[in-house]
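Peer 1: If you want the building blocks of each chain, they are given just below.
There are 2 protein chains.
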Amino acid sequence: MNLRDIGEFGFIKRISRGCLIRPQNIIKAIGDDAAAFFPPPHEVILVTTDLLVEGVHFFRNTTSGFNLGYKALSVNLSDIAAMGGIAREAFISIAVPDDCDLDFLEELYNGMKRLAAEFGLNILGGDTTLSKTDLIINISVLGSAFEKEILYRNTAQPGDIICSTGFLGDSRAGLHLITHNIEADSNELKTLRDAHVIPKPDLREGRFLARQGGVHAMIDVSDGLSSDIGHIAEESNVGIRLYSEKIPISNNLEKFCARFDFDPVEYALAGGEDYTLLCTISPDRVDHIAANYLRRFRNPLYQIGEITDSGKMELFLSNGQIRSFSPSGWDHFKTK
Amino acid sequence: MNLRDIGEFGFIKRISRGCLIRPQNIIKAIGDDAAAFFPPPHEVILVTTDLLVEGVHFFRNTTSGFNLGYKALSVNLSDIAAMGGIAREAFISIAVPDDCDLDFLEELYNGMKRLAAEFGLNILGGDTTLSKTDLIINISVLGSAFEKEILYRNTAQPGDIICSTGFLGDSRAGLHLITHNIEADSNELKTLRDAHVIPKPDLREGRFLARQGGVHAMIDVSDGLSSDIGHIAEESNVGIRLYSEKIPISNNLEKFCARFDFDPVEYALAGGEDYTLLCTISPDRVDHIAANYLRRFRNPLYQIGEITDSGKMELFLSNGQIRSFSPSGWDHFKTK
Numbered sequence: 000m001n002l003r004d005i006g007e008f009g010f011i012k013r014i015s016r017g018c019l020i021r022p023q024n025i026i027k028a029i030g031d032d033a034a035a036f037f038p039p040p041h042e043v044i045l046v047t048t049d050l051l052v053e054g055v056h057f058f059r060n061t062t063s064g065f066n067l068g069y070k071a072l073s074v075n076l077s078d079i080a081a082m083g084g085i086a087r088e089a090f091i092s093i094a095v096p097d098d099c100d101l102d103f104l105e106e107l108y109n110g111m112k113r114l115a116a117e118f119g120l121n122i123l124g125g126d127t128t129l130s131k132t133d134l135i136i137n138i139s140v141l142g143s144a145f146e147k148e149i150l151y152r153n154t155a156q157p158g159d160i161i162c163s164t165g166f167l168g169d170s171r172a173g174l175h176l177i178t179h180n181i182e183a184d185s186n187e188l189k190t191l192r193d194a195h196v197i198p199k200p201d202l203r204e205g206r207f208l209a210r211q212g213g214v215h216a217m218i219d220v221s222d223g224l225s226s227d228i229g230h231i232a233e234e235s236n237v238g239i240r241l242y243s244e245k246i247p248i249s250n251n252l253e254k255f256c257a258r259f260d261f262d263p264v265e266y267a268l269a270g271g272e273d274y275t276l277l278c279t280i281s282p283d284r285v286d287h288i289a290a291n292y293l294r295r296f297r298n299p300l301y302q303i304g305e306i307t308d309s310g311k312m313e314l315f316l317s318n319g320q321i322r323s324f325s326p327s328g329w330d331h332f333k334t335k
Numbered sequence: 000m001n002l003r004d005i006g007e008f009g010f011i012k013r014i015s016r017g018c019l020i021r022p023q024n025i026i027k028a029i030g031d032d033a034a035a036f037f038p039p040p041h042e043v044i045l046v047t048t049d050l051l052v053e054g055v056h057f058f059r060n061t062t063s064g065f066n067l068g069y070k071a072l073s074v075n076l077s078d079i080a081a082m083g084g085i086a087r088e089a090f091i092s093i094a095v096p097d098d099c100d101l102d103f104l105e106e107l108y109n110g111m112k113r114l115a116a117e118f119g120l121n122i123l124g125g126d127t128t129l130s131k132t133d134l135i136i137n138i139s140v141l142g143s144a145f146e147k148e149i150l151y152r153n154t155a156q157p158g159d160i161i162c163s164t165g166f167l168g169d170s171r172a173g174l175h176l177i178t179h180n181i182e183a184d185s186n187e188l189k190t191l192r193d194a195h196v197i198p199k200p201d202l203r204e205g206r207f208l209a210r211q212g213g214v215h216a217m218i219d220v221s222d223g224l225s226s227d228i229g230h231i232a233e234e235s236n237v238g239i240r241l242y243s244e245k246i247p248i249s250n251n252l253e254k255f256c257a258r259f260d261f262d263p264v265e266y267a268l269a270g271g272e273d274y275t276l277l278c279t280i281s282p283d284r285v286d287h288i289a290a291n292y293l294r295r296f297r298n299p300l301y302q303i304g305e306i307t308d309s310g311k312m313e314l315f316l317s318n319g320q321i322r323s324f325s326p327s328g329w330d331h332f333k334t335k
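Just so you know, the protein sequences line up as chains V and E, in that order.
Read in numbering that gives the first Met the number 0, the first sequence has 317 at position 318, and its numbers run on one by one without any break.
Read in numbering that gives the first Met the number 0, the second sequence has 160 at position 161, and its numbers run on one by one without any break.
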């Protein structure tokens, strides 16, 4: 059964259940020309949007509908996390080809609803239309934050310590497994695959960091460590010094790289879609904040380098050598 | 030259100019993980989103980039107009195939910027990515309105007079010209073509109507008169009576239908994408509001029928016959 069998409005009725989970201050959800709601008083509105195209960002034959929906929303929530915000309302546009089964679409929404429920997010509207061949998903998410707590890319200061909320490179390893048809036949490989397939947004971590005095800049790792720290360097007009032995590499990635003969640091630097947060913290605050972070999340806040005033992007190797690096993560267009 | 030549970030720099035209209360525009801005105090936020796919909603070889951008944004603004709101911030996602020239894309943004400037709207963010073959555009627009002034679909009352802010059917005639390769060789045909290609959103008209006491329900004509008045009927649980001789048919459409042997009323009923507003007004207020509307806009507010409690959708013909009609406008999926 596909969408032609039940029509656009039949489909909307079918997927609407479970979309409105936080009805307070919502005046109109799905079903009118626009959604209508009261914003939280005295807060700033945050908006982010992402467009995913089959064959470019995902392949329908290598993902379940559930996982695709979960990740599509997660990617957007990660952008709200990177501002230090609370995610509030999501708007889902999909264009659906004839060969896309209704069950797949319902699972797609189930994946989004699962993640939305976990973070108290409403799915408040969207658009449903036809596509010729490819499934297309656009998600816009509204969040909010107090003005003084929002964290930007252009506010890093020389001397700041660069921190990561989690492991880097796992997602790229997971992507390698999928694109090379390597079965995830161990817990290690499954964990790497899941890091790519169902990444969690660090919304709670982002909120926590935003409320600490002394955190200056923040970004999420979507394009890759080198690219995303490069955005902070460029926007803040500062230099970057990373220490290779401090970059958080999971045991799973170590084993994967040993088995397939890759360099884990290179994986961490150039890999994308980790959706951890990178932040820069005043040196006199970093140990206090890291200790609080560890108590709160039972995970370390990894200190991986420093902001400098050199304008350079440098990687200090464990053998004492210094390599310059350039943003080599993912630019969707640029021909290398 | 295409996007690969300058990269995603090069492109963003190129199109950013002229996007922020109303900087008051905007904290972060294009260039971070999310946009950030203060909402207008005490108002409700309105959000609408539309996804347009090449080959389904438009054809690149029959439109200019400018007109495509103009219309893509206009369609969204019309949804805000239909709520009685003010349009404030737009977020543009595009997926671009390799064969799409950079000039076409710049014109696409120029079309959006022209319309945005006319209505005081910022383009505050978006996403730019690759597509395999088709150009894909998703636009999300945020607007605002005072809670008491918002107009919905489910609040029509029996006895209300149904009004339209403009002609119906012109856009479908314009589409016919385009799809049948008929040259618009007269001012009449050019006007019809433009009604389809560069429709204007009735934002000022929607605001005006929302502020008048006695306007009960409103919707914009995107799917077609019969479909969209059908949405009001279904959501408000009421009946509809339209008078065929009162449906506003332009002289241009009359001439077009005479020349190509179509029924203008049928065109007005089933045609879509007029982007006029349909509203229902208390009978004791309608003449007063229509007189004010005429003074303000120098165009009549057309009174085309009534809301009934019959549950039926009826069309009264000029010969005294009554025909029932069903929503026969555009459902993207439903196989007829």
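Among the clues, some could well be false.
If chains are identical, the list can't say which one is meant, so a pair holds when it fits in one copy or spans any two.
[Unchecked claim] Result set (SDA-like, lysine to any residue): computed pairs, CA atoms no more than 20 Å apart in a straight line: (1) 311 / 179; (2) 131 / 97; (3) 131 / 60; (4) 254 / 37; (5) 254 / 58; (6) 311 / 55; (7) 131 / 58; (8) 12 / 248; (9) 147 / 28; (10) 311 / 240; (11) 311 / 256; (12) 254 / 129; (13) 131 / 57.
Calculated directly from the structure, the hints in this document are not laboratory data.
Peer 1: Among all the numbered hints in the text so far, which are the ones the structure does not match?
Peer 2: Per hint list: 1, 4, 5, 6, 8, 11 and 12 violated.
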